[in-house]
Structures are given as structure tokens and as C-alpha cells.
Amino acid sequence: MTVLSNKRLNSISDLDDMRKELLSLRSPSAKSVHVCTGPGCAAKGSPKLYELFCEAAQQADADVEIIPKAVGCHGLCEYGPIVLIQPGDIFYQRVEEPDVAEIFRETVVGGRLVERLLYENPVTGQKAETVDKIPFYKVQKRIALAYNGLVDPTKITDYIALGGYSALAKVLSSMTDEDVISEVETAGLRGRGGGGFPTARKWRSCKEAEGSPRYVICNGDEGDPGAFMDRAIMEGNPHSVIEGMLIGAYAIGSSDGYIYVRNEYPLSVERLKLAIEQAKELGLLGENILGSSFSFDIRINRGAGAFVCGESTALMASLQGRTGEPRAKYIHTVESGLWEKPTNLNNVETWANVPAIINGGGKSFASIGTEKSKGTKVFSLVGKVVNSGLVEVPMGMTLRQIIDEVGGGIRDGKRFKAVQTGGPSGGCIPEEHLDARVDFDELTKLGSMMGSGGMIVMDEDTCMVNVAKYFTNFLQKESCGKCTPCREGLSQMLYILDRITDGEGQAGDLERLEELAELLEGTALCALGKTAANPTMSTIRYFRDEYEAHIKEKRCPAKECRGLFRYEIDSEACKACGICLKNCPVGAITGEKKVAHVIDQEKCTLCGICWEKCPFAAVLKV
Amino acid sequence: MYALRDLLGEMSLCRSAESIRKGKPVPTVTIDGCKVRVKKDATILDAAKKAGIWIPTLCYHPAVSSEASCRLCMVELDRGEWRQLVTACNYPVRRDIVVYVSSERAQQARRGVMELLLARAPESEELKALAERMGVKETRYPNVTESQRNCILCGLCVQVCEEIIGKAAIGFAGRGAERVVAAPFRQPSEDCIGCGACAAICPVGTIKVRFHKEEQEVEISPFKSRAKLLVCQECGALITSTLVNEQALTKANLNSEEFRARLRLCPKCRRLQTVAQLGAVTFRKK
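These protein sequences, in sequence, are chains L and R. Heads up: the first sequence is residues 1 to 622, going by the numbering used here. Heads up: the second sequence is residues 1 to 286, going by the numbering used here.
Hints are computed from structural coordinates only; laboratory data are not their basis. In this text, all values refer to a predicted model and were calculated from it rather than measured experimentally. Fair warning: there could be bad hints in the mix.
[Unchecked claim] Far from chain R, by Cβ distances over 12 Å, these chain L residues were calculated:
(1) S32
(2) D179
(3) R302
(4) R566
(5) C574
(6) G578
[As the list claims (entries may be wrong)] Below, simulated DSSO-like cross-link-like pairs (lysine-lysine); rule was C-alpha separation at most 27 Å, straight line:
(7) R:K49 x R:K128
(8) L:K593 x L:K621
(9) R:K50 x L:K329
(10) R:K40 x L:K341
(11) L:K582 x L:K613
(12) L:K127 x L:K155
(13) L:K329 x R:K49
(14) L:K329 x L:K170
(15) L:K594 x L:K582
(16) R:K40 x L:K329
(17) L:K329 x R:K39
(18) R:K213 x R:K228
(19) L:K329 x R:K35
(20) L:K414 x L:K621
(21) R:K167 x R:K49
(22) R:K39 x L:K341
(23) L:K170 x L:K141
(24) R:K40 x L:K207
(25) R:K35 x R:K50
(26) L:K603 x L:K552
Backbone N, C-alpha and C define an ideal beta-carbon position, used for all residues, glycine too.
With the hints as constraints, model all of the structure from the sequences given.
Next up, the structure:
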């Protein structure tokens with residue numbers, strides 16, 4: 001292996017030879033242990049598990065070769081840390097440090113299952129031995145995440161062995177720039193960053209624009225709260241992004257690329273850096289790639305923590321060392337972008353789809369999805385679902401399928417209320433529209449959007465006014481402040497929403513919000529401002545009654561807005577244990593032994609401690 | 001010092017020679033039914049001026065580049081199947097287009113933006129006067145943001161300091177509702193030469209030039225930057241900031257025939273020519 005990694009590949013046959021050699025070096029009886037070190041599993045201590053597996057593999061004197069691998073996100077973060085044993089596709093969930101020895105002894109060496117670590121279907125109680133028997137994975141289709149969980153992201157050889165960079169080889173050996181663009185056009189690929197702009201059209205405009213050099217940028221400034229789609233790709237399979245950029249650059253005629261990553265993703269930066277270094281060593285980046293006349297290099301730029309830098313013009317300003325603020329796009333960035341040169345920007349997931357399109361053909365990619373939205377989309381499914389995690393589903397799947405089949409339904413037997421898609425500027429979609437298909441245009445019609453793929457599920461305990469306030473607050477804080485409507489309008493909207501959730505809403509507040517929303521949509525400078533009213537507008541559209549309850553009756557139906565509901569003790573359920581009485585900080589609770597306790601509403605400050613502490617759920621929100 | 005306001009008004013951006021070159025297409029802009037022809041890449045605002053149609057502006061100034069940050073000059077652009085609100089000050093005309101300035105939606109957008117600005121800077125007389133001209137009598141919004149008193153954050157001061165004076169002594173600090181115009185670390189700037197271009201260009205009268213006679217200093221408020229004043233050696237009158245004088249001297253070639261010729265001009269015309277030389281601006285006679 002070490003011999004291989006230092007060799008520069010001077011032709012396409014060199015790459016093929018290397019792949020063959022890599023495969024031949026693999027012992028057919030070798031077993032590999034894939035330890036997920038994606039963000040969710042890593043937070044639960046999986047890097048330590050990987051170390052333990054490495055130690056165990058070193059000490060073992062088994063006849064077969066055992067390869068422990070630290071791999072990218074598997075998606076089912078809820079059940080992390082996840083360990084996969086190959087061959088066999090054996091899936092272990094919630095693995096802890098003491099389990100390592102057992103897995104090693106029983107499964108890796110002994111070939112037996114460790115029953116208690118298998119995934120158990122919460123509905124049927126059946127154990128799933130392999131990945132494909134887990135309902136979470138059954139309806140998913142992985143293209144962008146295809147190699148996540150299979151390759152070690154720190155080894156280019158892993159990626160190459162699985163066919164990595166073969167799409168680049170195909171492009172360099174047998175396709176013209178126009179062929180590549182046509183293939184992407186046939187695929188119907190649309191930008192996965194939020195706008196859903198047809199990728200091929202963008203590439204063509206950039207290719208045809210006057211001026212040189214041309215730049216290619218990968219937008220890895222994923223800033224939506226709770227979203228980690230791009231992060232998982234950058235950390236789990238960075239070479240797919242690099243290969244996608246190489247192919248795009250070839251089609252556009254660019255030799256300079258940038259990856260803009262937020263600095264809050266230090267591991268993404270590290271993985272990408274390493275991947276770029278390794279690709280350069282092999283001659284897959286740099287001058288005369290694979291012996292061809294095509295040259296391309298990539299630099300990494302780290303963002304400084306502004307959400308607005310995910311907007312293309314703000315990102316380019318930031319790349320140039322200026323304040324990350326957007327500018328008018330009446331002249332598109334494909335014509336005049338970075339340093340006022342033709343610039344093509346796509347997000348991480350878009351780039352990661354490109355090698356698959358070239359390898360499998362545009363037609364096969366276009367066979368997945370709906371009429372105008374092709375392929376798959378990665379979502380980070382979070383909130384009140386049973387299986388929170390990272391999912392990749394074909395376009396056109398209904399929201400209900402994603403939430404119920406992939407997500408496993410709502411947690412704790414609660415009722416579903418809404419799903420928020422599209423990140424902070426997206427909207428909330430209620431139950432009556434759950435059969436809507438995931439599709440760029442369909443989600444927009446419902447007052448939400450695809451965005452970059454955040455999906456937050458909310459249950460009956462979520463106050464929709466509070467949700468609107470949360471996102472408006474986020475956007476108001478992240479607004480760059482350059483243009484009047486976004487800076488002033490969002491502050492005004494937040495002021496009204498604050499008032500409503502404080503129980504001081506006034507008649508006409510909803511109309512004022514609607515008017516401000518219309519103003520923002522029409523007059524704001526960039527997409528952040530233009531869509532910033534979506535959370536408020538979609539919740540007013542579908543949950544107007546909740547707003548009215550807050551304003552007119554000073555009541556929060558979900559019982560989340562402090563001050564808009566009371567705490568009472570159910571005298572039937574109260575066991576007179578005295579816990580609430582002891583814990584009440586203001587002495588508002590009275591009661592004796594064997595006598596149901598009572599809250600003095602005059603004294604009560606609505607802190608909610610009694611509600612939290614009551615072991616019999618006798619304290620009620622009313 | 002205050003004459004600079006008039007001077008800046010008489011400047012116009014040097015249009016690139018390319019676009020003036022003959023043979024380029026000359027698109028027609030139809031504004032509220034009135035047809036005007038402008039050179040390619042002129043803005044809707046240029047076309048409106050030519051048509052004699054007034055569009056209110058705040059952050060626009062011909063001497064500096066258009067940032068379109070105030071969003072006051074919104075007009076409706078006919079896109080065939082739909083109409084889009086665009087900013088007149090920086091929308092480039094590249095083909096024949098149809099624009100509506102006085103449509104209900106365009107007016108509503110402009111008035112909405114003005115109301116937000118009035119809520120932010122309720123004390124500015126200049127802003128009130130412009131609002132009235134637009135038919136906005138008062139704002140329905142409370143004053144919820146005021147990172148800087150009476151400042152609408154249009155950015156003209158920042159631009160003129162960087163693009164024309166070449167100093168960039170002030171810039172934006174903070175983000176969103178916290179945004180302010182300030183010198184680094186919100187301290188008096190060492191780069192400020194006390195020229196007062198920022199005060200001259202400020203459309204709402206927020207930036208002021210103050211003379212401190214005793215200290216013989218000029219102060220640019222609210223930035224607290226000060227510069228020593230040049231004093232007339234004959235009568236002791238305060239002339240201008242010494243730093244402005246220095247900068248002017250480095251830019252002007254005193255031994256040239258041009259300078260000698262200029263000595264034959266009256267003070268006003270001489271000033272106009274000097275200012276014209278300072279930046280990428282052309283001198284246009286009335």
C-alpha cells in the first residue's frame with residue numbers, strides 16, 4: 001500500500017492499474033470493521049471505539065486479515081455509535097466501549113452474532129441482522145452518500161479501490177466539455193444548496209461567459225441549525241466532492257477551484273485538506289491531470305461564522321477578503337463573480353452527485369425522482385421523530401413516507417403537528433399536506449422550500465408562534481444589515497412576534513406581519529432577506545388559529561409560551577407526596593399528607609419546576 | 001468646506017469609454033409608458049432621469065459605485081409573465097425593457113421601505129422631507145433599532161471615503177441590527193484627514209463637521225476624528241484641514257503648466273478642477 005501511495009499517476013491506465021493492484025492486495029477472507037465516526041456517533045465516543053478495535057486487531061492472532069476502519073456517517077445517528085462488520089453487512093447499534101471485545105471475539109473472529117447489539121424494530125420487536133432489514137434504510141436510495149460508511153475518508157486508496165476517480169478518467173478520455181454538460185443536463189441535476197437552479201445551465205453560462213480565469217467554487221458553508229448533510233459528505237467522503245469539482249472544472253474550462261468551508265467544521269477542513277494533498281500526490285489534482293492537458297487545483301477557505309456567507313455573492317466577497325455581504329445579482333456570478341471573473345458555485349451535495357451521474361449516465365439518474373426534480377436528496381431528519389439522522393431519499397417521496405417509514409414516526413406516541421423544511425428560511429408544513437412529494441417546486445408551492453435539506457419534525461407540544469419567533473430571531477441575528485428591509489423589517493417582525501408570545505399581541509398584528517413579509521420578499525437584497533418571512537408566513541397560513549389564541553385569548557394552545565397557560569394539580573392523580581411543595585421556589589404550593597396539593601395562582605411564577613419534578617404527572621398545564 | 005456638497009453633485013462617474021463607443025446597441029426603456037433610449041448598461045435610474053421621472057433615492061450617488069443598500073428606489077420590471085421589483089439605481093439596461101415607477105406595487109414597496117427608515121431615524125429632517133415628497137406622512141412602526149442615532153446606514157460616507165478620498169478611514173462594524181459606521185475599534189481614526197466628504201455626501205444630515213476654534217481643529221462627528229486646521233498666516237482665519245492640504249499637494253503637480261493655468265481661474269472653478277483630479281471623476285460644466 002505504501003508503495004502505491006507515492007506513485008504519480010501519469011495516465012488513465014495508471015489509475016486502472018492502481019485500482020487492480022489495490023483490489024488484488026485485498027485478501028478475500030479479510031474482515032473489516034467499519035466504525036462510524038460521523039458527527040453524531042463521534043459525539044457519542046466512537047473514535048475511542050475505533051482505537052479499541054485497532055488495538056484488538058493488532059493483538060489478535062487470527063488467520064484472517066482484520067481491517068478496522070473509521071468511516072463517515074451511516075445516517076442512523078439516533079442509534080449511534082454504529083459499527084458495521086463486513087462481509088455480511090452486520091449492523092451493531094449503540095455500541096459502547098465494553099462491547100468491543102465481545103464484538104471482536106464473537107462476530108469478527110467467531111462469525112456469530114451479538115444479539116443484544118442488533119437493531120430491534122420498535123414496532124414488531126424483530127431483530128435486524130443486516131442493514132437492509134432495517135426499515136430506516138429500506139426506502140432510502142444513496143447516491144451522494146453512496147460511499148459514506150464504506151470508505152475511510154483519510155485514504156484515497158479506499159476511494160479508488162471502490163471505483164473512485166473513474167468518472168474523471170471517463171471524462172478525460174472520452175468526453176468533451178459539451179458532452180459533460182449534456183450528460184448533467186440529461187440527468188436534470190438541480191442545485192442542492194437551496195435555489196434548485198439547473199446545474200447544467202449554470203455550467204454552460206459560465207463556460208460561455210467572457211473573461212478568464214474562470215473559477216469553480218464549492219459552497220460548504222452549511223449554516224442551517226440542525227443540518228449536517230454537507231458536513232457528513234465532506235467528512236465521510238471528501239474525494240467525491242473533489243472529483244465532482246474536477247469534472248465541473250473540466251466542463252467549464254477552469255483551472256482554479258475553491259472550497260469554502262465554515263470554520264465550525266474543523267474536521268471537514270482537515271479531511272478536505274488531507275484529501276487534496278493525497279489527490280495532488282497522485283497527480284489527480286495539479287498540472288496535467290492523469291497525463292492530460294487538463295490542470296486544476298483547489299484551495300480551501302475557511303468561513304468566519306456568518307450564516308449569510310452561504311449566499312453566493314457574500315461567499316465570494318468573503319473569499320476576496322472583504323466583509324461577507326451580498327450584492328445585487330442583476331449581473332450573475334457566472335458572468336462576474338469572484339474577482340469579477342466568471343464563477344461557478346455549487347454546493348457540496350451537488351458536486352458529490354456529479355461523479356455518479358458521469359459513471360451511471362444522466363438517463364439513469366433522471367429515472368429517479370419527479371418530472372422536474374431528479375435524483376435523490378439528502379435530508380437531516382431531526383426533531384421529534386424516532387429515528388433522527390441523515391437520510392437520502394429519491395425525490396418525489398412523500399413527506400409522510402420520510403417521517404413515518406424512514407423516521408419511524410413521532411416520538412413518545414405524540415401527535416404530529418408540522419414539519420419544517422428548507423432551513424431557517426423555510427416554512428412549516430402541516431399534517432394536511434403530508435402527502436406532498438419532496439420536490440423543489442411542490443415545497444415552494446406549500447410556502448416552504450427544499451433549501452439545503454433540513455427537516456425538523458414537530459409534535460403537538462410545539463407552539464408554532466414560538467417556532468416562527470425562533471427562526472425570525474435566528475435570521476435577524478444573522479442578517480448582515482446591509483439592506484433596509486432585512487435589517488429593519490426583521491427587527492420589526494421579531495418585535496411583534498415577541499409581543500404575541502408574551503401575551504401582549506394586538507389586533508392587527510397578523511396583518512402587520514403579513515405586510516412586512518410582503519415587503520421583505522419584494523425588496524430585500526439577497527435570498528436570505530427575500531425568504532426570511534417564510535417561517536412566519538407559513539405558520540400564519542396553516543396555524544392562524546394558534547396566533548389568534550395568543551392574541552385574542554392570551555392563551556398558548558401548545559402550552560409552551562410562558563405566561564399563556566397555568567399549572568394546576570390534578571387532585572385525582574396527586575399522591576400528596578410533597579415533592580412539588582418542597583421544590584416550589586416561591587412557596588406557592590400548599591397541601592398536607594394524604595390531601596391533594598393546590599397551586600396558589602397568585603403566588604405562582606410559572607417556573608415549571610413542579611411540573612418537572614412531579615413523579616406522577618399530576619401537575620398539568622392548562 | 002461645505003462647498004464640497006455642491007461639488008460632489010456636479011460630478012458624474014466616468015463612464016467606460018467602451019460603452020460609449022458607437023455601434024453598440026441602444027436599448028429602449030419604457031418607463032410608465034414613456035420611451036427613452038439609453039446606452040447599454042446604463043441603469044433604470046439613468047433612464048428615468050432622461051425621461052424626467054423622479055425616483056426617490058438615498059444610498060445612490062453618481063460619484064460612487066451603487067450598492068443598492070437602502071432599497072428605496074424600487075420599481076417594477078416587466079418580465080413578461082410576471083413583474084419583479086428591482087432597484088432602479090443599479091439595474092443595468094441590456095435590452096429593451098418595460099418599467100413601472102408609479103404602479104401600486106412599486107409605490108407600496110418604496111413607501112414601506114421609507115416607513116422602516118423613518119422608524120429607525122425619526123429625527124432626521126432630510127428624511128422627513130423626502131418621505132413627504134413620496135407621500136409618506138408618518139411611520140406605523142416603532143423605533144426598535146438604533147445602533148447609531150439618526151443614521152440610516154446607507155453607506156455613502158464609507159464609499160466616498162474609500163473610493164474618492166482613498167482613505168477608508170471609516171467602515172461598517174457590527175452585523176444586522178447592530179451595524180454601525182465607525183472607525184476601527186470605534187476609536188477616533190488616525191487615517192481621517194478631516195476632509196468632510198462623508199458629511200457632504202450624507203443624505204440625512206447625520207455626519208457633521210465641527211470646527212473647534214480654540215484648538216484650531218476640525219472634528220468629524222460622530223466619529224470623533226480630529227485634524228489640525230491650516231490657519232491663514234495673514235488674518236488667522238481657519239482654512240482647511242492640514243492633512244487635506246497635504247493630500248492635495250501630493251496629488252497636484254505645482255510646477256506644471258496646468259497648475260499655472262489654474263491660477264488664472266476663479267476660486268470656485270479652481271476647486272472644481274482640483275476635486276476632479278482627486279479621484280476617478282470627470283468634471284462636467286453646467
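**Study point:** Unsatisfied constraints (hint numbers, rising)
**Key:** Per hint list: 12, 14, 21 violated.
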